[in-house]
Each structure stands twice: as C-alpha cells, then as structure tokens.
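J.: Chains Y and L, in that order, are what the protein sequence lines are.
Just so we're aligned, residue 12 is where the first sequence starts under the numbering used here, counting upward by one.
Just so we're aligned, residue 654 is where the second sequence starts under the numbering used here, counting upward by one.
If you're looking for bench data, these hints aren't it; they were derived computationally from the structure.
Be aware that a few hints might be false.
To be verified - One-sided excerpt, in silico: chain L residues whose CB lies under 8 Å from chain Y:
| id | residue |
| --- | --- |
| 1 | Gly-669 |
| 2 | Lys-693 |
| 3 | Lys-694 |
| 4 | Phe-700 |
| 5 | Ser-701 |
| 6 | Leu-707 |
| 7 | Ile-708 |
| 8 | Ile-709 |
| 9 | Thr-712 |
| 10 | Asn-715 |
| 11 | Phe-743 |
| 12 | Ser-747 |
| 13 | Gly-761 |
| 14 | Gly-763 |
Unchecked claim - Here are the computed lysine-lysine pairs in the DSS-like style, where the Cα-Cα straight-line distance is at most 27 Å:
| id | chain 1 | residue 1 | chain 2 | residue 2 |
| --- | --- | --- | --- | --- |
| 15 | L | Lys-724 | Y | Lys-82 |
| 16 | L | Lys-693 | L | Lys-705 |
| 17 | Y | Lys-105 | L | Lys-662 |
| 18 | L | Lys-724 | Y | Lys-111 |
From the three backbone atoms N, C-alpha and C, an ideal C-beta is built for every residue, glycine too.
Each chain, letter by letter, is given below.
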Amino acid sequence: GESVGLHLPTLSVQEGDNSIINCAYSNSASDYFIWYKQESGKGPQFIIDIRSNMDKRQGQRVTVLLNKTVKHLSLQIAATQPGDSAVYFCAENKGDSWGKLQFGAGTQVVVTP
Amino acid sequence: DTAVSQTPKYLVTQMGNDKSIKCEQNLGHDTMYWYKQDSKKFLKIMFSYNNKELIINETVPNRFSPKSPDKAHLNLHINSLELGDSAVYFCASSQVGSGGRRETQYFGPGTRLLVL
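Could you put together the complete structure from these sequences and hints?
T.: Written out as structure tokens, the structure is:
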C-alpha cells in the first residue's frame with residue numbers, strides 16, 4: 012500500500028547545527044503536505060505546510076522543500092536548539108476536502124549540547 | 654487559552670470496561686477528528702465530524718463510537734475495552750480554508766489510555 016515517511020529513525024544533532032529531516036511519500040495525488048512537531052507528552056504541533064504547486068517554503072528557522080519528481084519532502088531547521096528535540100512527522104493530504112491526513116512514521120530529533 | 658482540550662489526560666482501566674474520552678475546541682472550527690497513536694508513535698485517523706455529522710470513518714472496531722453533541726465537542730466512547738486499545742488518543746480540529754479545503758489541524762494534548 013501507499014505510505015508516507017519512514018520507520019521512526021533518530022537524528023542526533025549538535026546544538027547550533029542545521030537539521031534536515033526527510034520524508035518520502037508515494038501517492039502522486041497528494042497535493043498538500045504538513046510538518047508537525049510532537050514533544051514528549053504533548054500533541055502534534057503544526058510547524059509549516061506546503062502545497063504541491065510550490066517547491067520551497069520558509070518559516071521562522073524552518074524551511075520545507077518539496078521534490079515532486081522523486082516524491083520527497085524535507086524539513087530543514089536552522090541553528091537547532093535544545094527546544095527542537097521532539098518527534099517530527101510529515102503528513103499528506105490527497106486532495107480530500109475534509110482534511111484527511113496520512114501521517115508518516117516520524118523522526119526523533121535529539122539535540123546534543 | 655487552551656485551543657483543543659481533552660479529558661482525561663490519563664485513563665487506566667480494566668479489560669472489558671466501557672470508557673469515554675471528551676474533547677472540546679474553542680477555535681470555532683467546524684470539523685473535529687480522533688486519532689490513535691500507537692506505541693511506535695504511528696498516528697492514524699479514526700473518525701471525523703463536521704458540524705455534528707460523521708464524515709470520516711476509518712476501519713475501526715464498532716466498539717468505538719464517536720459522538721458530537723455540537724461542533725465544539727467530539728467525544729469518543731469505547732465499549733468492552735481490550736488490551737490492544739492501549740494507546741494515546743488525540744483529538745484535533747480544523748476549519749475550511751481558501752479553496753474550500755480543511756488542511757491544518759490543531760491537536761489536543763492527548764489521552765493516554767492503558768488497559769490492564
């Protein structure tokens with residue numbers, strides 16, 4: 012079946028470095044993508060989104076890149092801070108008007124001093 | 654101000670019991686969702702309601718029954734709890750945006766259910 016993301020890997024990043032979190036999707040009908048951050052014991056928190064008519068979108072310290080050719084999504088976090096330690100999920104919407112999201116498995120980011 | 658709230662935060666119960674989880678959102682959104690997150694952190698949608706009407710119903714055992722008394726509330730009742738129901742349950746809400754689509758969902762803090 013079609014899936015988004017990878018099995019939960021861990022990304023260890025030194026404080027101050029840039030982080031890159033990757034996500035693969037396989038449904039070419041998906042036209043909207045979101046990144047969520049989930050801190051321990053909390054619910055997922057919206058970070059940034061991107062539509063399929065764009066290939067890059069920037070927020071505060073975060074950038075999302077979309078490569079539709081290879082069905083790849085990435086989240087870049089600049090100057091990673093200890094507060095960035097969390098599980099990061101990508102999610103896709105397949106053009107469904109009711110907002111049905113399919114989530115990837117998540118990436119655990121650990122920021123080391 | 655809490656945008657999406659859930660009660661209880663923790664729920665420990667015996668197998669076979671019936672329990673309910675409540676969700677409320679004060680964002681004025683018209684659509685609410687229930688997700689289940691398993692021990693491997695995988696998030697999967699269960700149900701969605703729009704203005705008290707069920708619009709998404711994934712393959713979920715019929716022991717799970719959502720109820721929406723109004724568009725600000727979506728409760729989840731679970732009958733005959735089983736060990737495999739142990740998980741974190743998240744409520745979320747969204748609102749129609751430009752283009753008539755609901756996309757960005759705002760999540761509650763989760764309810765950690767442990768069935769013994």
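J.: Hint by hint, say whether it matches the structure.
T.: Okay, the hints, checked on the actual structure:
Look at L/Gly-669: its Cβ only gets to about 28 Å from chain Y, farther than 8 Å, so that hint breaks. For L/Lys-693, the shortest C-beta to C-beta distance to chain Y is roughly 6 Å, which falls under 8 Å, so the interface hint holds. Because the beta carbon of L/Lys-694 sits about 5 Å from the nearest beta carbon in chain Y, less than 8 Å, this interface hint is met. The interface hint given for L/Phe-700 is violated, since its Cβ lies 11 Å from the closest Cβ of chain Y, which is over the 8 Å cut-off.
Against a cut-off of 8 Å between C-beta atoms, the interface hint on L/Ser-701 holds, since the closest Cβ of chain Y lies about 6 Å away. At about 11 Å, the closest approach between the beta carbon of L/Leu-707 and any beta carbon in chain Y exceeds 8 Å, and the interface hint on this residue is violated. This hint holds: L/Ile-708 has a C-beta 5 Å from the nearest C-beta of chain Y, less than the 8 Å allowed. Taken as an interface hint, L/Ile-709 checks out: its beta carbon lies about 6 Å from the nearest beta carbon of chain Y, inside 8 Å.
Hint status for L/Thr-712: violated, given a least beta-carbon distance of 13 Å to chain Y, over 8 Å. Of the supplied interface hints, the one on L/Asn-715 is violated, with its beta-carbon coming no nearer than about 20 Å to a beta-carbon of chain Y, more than 8 Å. The beta carbon of L/Phe-743 is positioned within 8 Å of a beta carbon in chain Y (closest approach about 5 Å), and the interface hint is therefore held. Satisfaction of the interface hint for L/Ser-747 is found here, the shortest Cβ-Cβ separation to chain Y being roughly 5 Å, below the 8 Å cut-off.
About 5 Å separates the beta-carbon of L/Gly-761 from the nearest beta-carbon of chain Y, less than 8 Å, and the hint is met. Evaluation of the L/Gly-763 hint against chain Y yields a held restraint, the C-beta minimum of about 5 Å falling below 8 Å. For the given pair, L/Lys-724 sits about 36 Å from Y/Lys-82 by alpha-carbon distance, which is inconsistent with the 27 Å threshold. Our distance criterion of 27 Å between C-alpha atoms is broken by L/Lys-693 and L/Lys-705, whose separation comes to about 31 Å.
Of the pairs offered as hints, the one joining Y/Lys-105 and L/Lys-662 is violated, with about 31 Å between alpha carbons and a cut-off of 27 Å exceeded. Restraint check for L/Lys-724 and Y/Lys-111: the C-alpha separation of about 18 Å stays at or below 27 Å, so the hint holds.
Hint compliance for this structure: hints 1, 4, 6, 9, 10, 15, 16 and 17 are broken, all remaining hints hold.
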